[in-house]
Amino acid sequence: GAGVSQTPSNKVTEKGKYVELRCDPISGHTALYWYRQSLGQGPEFLIYFQGTGAADDSGLPNDRFFAVRPEGSVSTLKIQRTERGDSAVYLCASSLGRGGDEQFFGPGTRLTVL
Amino acid sequence: AQTVTQSQPEMSVQEAETVTLSCTYDTSENNYYLFWYKQPPSRQMILVIRQEAYKQQNATENRFSVNFQKAAKSFSLKISDSQLGDTAMYFCAFMKYYGGSQGNLIFGKGTKLSVKP
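These protein sequences, in sequence, are chains E and A.
Per the numbering used here, residue 1 is the first one in the first sequence, and the count goes up by one each step.
Per the numbering used here, residue 1 is the first one in the second sequence, and the count goes up by one each step.
Excised from the complex, chain E in its bound form:
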């Protein structure tokens, strides 16, 4: 595809359930980011992959959040035991991985925890 894609576009789940959010970056982009955007706020950094490895996971709020990128392309953000406070739009971005490169964003997944 031409851009970053994210699935699903919307996810409604119940408190305590497990969810997976998927990101397909632009082909050839080695860097991949996950951000979380709460209502009325700017995106907040969660985790950054360079290739298959997590180069920086300092933004993950707690150990319920985990992300993988096993083949250096598609990434999955996994949230265990969801809480109502996890409700937000989860944005994925990718870039060529060089300093200061533009990050291209996907349309996001809106997660609602009931």
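FYI, nobody ran anything at the bench for these hints, they're computed from the structure.
Heads up, some of the hints might be wrong.
Using C-beta positions, here's what the derived DEER-type ranges look like [stated by the list, open to error]:
1) E:THR7 / A:GLN8: 32 to 40 Å
2) E:GLY40 / A:THR20: 38 to 46 Å
3) E:ARG64 / A:ALA1: 21 to 29 Å
Over 10 Å on every C-beta distance to chain E, these chain A residues come out as not near it, computed from the model [said to hold, decoys possible]:
4) GLN8
5) VAL13
6) ASP26
7) THR27
8) SER74
9) GLY85
10) TYR97
Predicted, not measured: the structure shown is a model, and the values here were computed from it.
Where a beta carbon is used, it is the ideal one built from N, C-alpha and C, also for glycine.
Assemble the complex: chain E is given as a structure, and chain A must be docked to it using the hints.
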């Protein structure tokens, strides 16, 4: 830690007029990058303009230009000849310089811009 502040939660401008969005940031770094991103109601974040801190010349992209004041840690966005399609949330963002590798973006809270016909 770096912070980004956008002091104007909402702004409006008449079509074809000029508007300036403010952004200030706090950092002890000397080298870094600054960005303005646009987020329309569709949610897709789109890069508007990018500035490298070591470049004194202000960046311009068609109708969009910045006023980068490094000493004052200020990075404002000027939109000339505003168009209805400019209606969106605008986010100012900071990225540390990591040599040849990437860094995460630190965003402000955004300014909601409405362009009125």
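So, going through the hints one by one against the coordinates:
1. E:THR7 / A:GLN8: 32 to 40 Å: Since the Cβ atoms of E:THR7 and A:GLN8 sit about 35 Å apart, the hinted range of 32 to 40 Å holds.
2. E:GLY40 / A:THR20: 38 to 46 Å: About 22 Å separates the Cβ atoms of E:GLY40 and A:THR20, which means 38 to 46 Å is violated.
3. E:ARG64 / A:ALA1: 21 to 29 Å: Check passed, 24 Å falls within 21 to 29 Å.
4. GLN8: holds, 14 Å
5. VAL13: With a cut-off of 10 Å, A:VAL13 remains clear of chain E, as the shortest Cβ separation is near 21 Å.
6. ASP26: holds, 15 Å
7. THR27: holds, 15 Å
8. SER74: holds, 18 Å
9. GLY85: holds, 18 Å
10. TYR97: violated, 6 Å
Checked against the numbered hints given earlier, the structure breaks hints 2 and 10 and satisfies all the rest.
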